[in-house]
Amino acid sequence: MKKEVIIAIIIGLSIGLIFTLGISTANKALNQQKAKKLTTQESGNSLKSSDNNQQKTLTVTSHENFDLINQSALTLSGIAWPNAVIALMTETQTKLTQADSEGIFTFTLNLIKGFNEITLIATDETNAAQTINLVLTYSTSKIEL
Amino acid sequence: MKKYFVFIFSFSLLVFSFSTAIAVEEATDSSVTTKIKERLEKTAEQGLDTIKEELTSQSLAPKRKAYVGLVKSVADDLITLEYKSQTYPVYLDVTTPAKQDDFLLTLGFFYPDKNQFRAKKILVLDTPQPPLQRQLLSGQIQEIDGNKITVNNKSLTISSKTELTIQGVEKPSTDDLELKDNLFAIVTLDKNGDIDQIKNVLVIPGKNNPAGMAPTNATESALPATDSAH
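Taken in order, these protein sequences are the chains called A and B.
Counting from 1, position 11 in the first sequence corresponds to residue 10 in numbering that gives the first Met the number 0; the numbering is continuous, with no gaps.
Counting from 1, position 118 in the second sequence corresponds to residue 117 in numbering that gives the first Met the number 0; the numbering is continuous, with no gaps.
Worth flagging that the hints you see were computed from the coordinates, not collected in a lab.
Ideal Cβ placement from N, Cα and C applies to all residues, glycine included.
One thing to keep in mind: the hints can contain errors.
Stated by the list, open to error - Restricting the straight-line Cα-Cα distance to at most 25 Å, the calculated cross-link-like pairs of lysine to any residue (SDA-like) are:
1) K190/B / K141/A
2) K206/B / K190/B
3) K51/B / E37/B
4) K141/A / A60/B
5) K62/B / L108/A
6) K62/B / E63/A
7) K153/B / E124/A
8) K120/B / L91/B
9) K119/B / R133/B
10) K190/B / T130/A
11) K83/B / E124/A
12) K55/A / K179/B
13) K160/B / I111/A
14) K141/A / K170/B
15) K51/B / I111/A
16) K170/B / N82/A
17) K141/A / V123/B
18) K62/B / N64/A
19) K153/B / D174/B
20) K113/B / E63/A
21) K62/B / N132/A
22) K112/A / D174/B
23) K112/A / K113/B
24) K141/A / K179/B
Said to hold, decoys possible - Covered, in the sense of this in silico footprint (three residues per stretch, anywhere, with C-beta under 8 Å from a C-beta of chain A), are these stretches of chain B:
25) 45-56
26) 62-73
27) 96-110
28) 196-203
Using the sequences and the hints, build the whole thing.
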């Protein structure tokens, strides 16, 4: 009688363990697959952004062409590529600066009354260059919708 | 004997149920996580929708603009301006004596939903003079002779009017320059296209320059702009 009980316990435990292990292994495998999927997606995204970083483009983010501004002091900012050298040329001023490690640059300048033709050139040691021409008008005239 | 088999079977069933319970618990954990994720995604989506709506309304709001250019054609309520080989239609909300070939500055609003610029005020200006010819020169320093520097086989004379910036040098002078430094310069050109004045110079020290070895935070934040007014 005792023998049979022990055998029953061992068989029961074995079957139970087999099922438990099976289910937990399946769960682990599923989780790993999910994690892999996420990692692949993330690395795909980072590849895309690094590809973008390699593109040498120049964008002004603070203003748009033909903007009408009611104050002379102006902060012009934008994005080029990391450590690019940016030149700003207006009718009355010229400035040179270097973008930061993310390609962000900022200029402070004073607009003259009327329209201002602004040229921005981004370049670097490899002689890559991008140019943007911008017209910004400074006027205190009141216009209403 | 049968009794024992029934007993063994029942016991196995019991252990199996126990193991299933554990598995279900794990599954429940993951389903709770999924629910939380779904809820978070919903909340984020709602937030995004609000932001999208705000951005859309902002992007559709009329923008203060000023178009400039030479009058190419005049109609009752429409003038076409040409600026740097591009034409811009200007719808008129005011009367104007402007005629063909006048140079106009038109102030008004751009309506993004209609893709239309409507002028509220029009000024007739003198046709602007061609701008001073300027150029951005760059290259490695090939030769230094006092204030004369050769870059890309072009000789540049740095004067007291030149705004000189050398990365990593607080009070820069031509003495701080070394061969193979990378130089960027804004120059004005005369009528013959020769270099007239050097307005701004920005130097990024090369391997020969001790300033290049000094720690600099130029890669972390943009270098202050060198400034030169005419």
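Violations among the numbered hints: 1, 2, 9, 11, 14, 15, 22, 23, 24, 25
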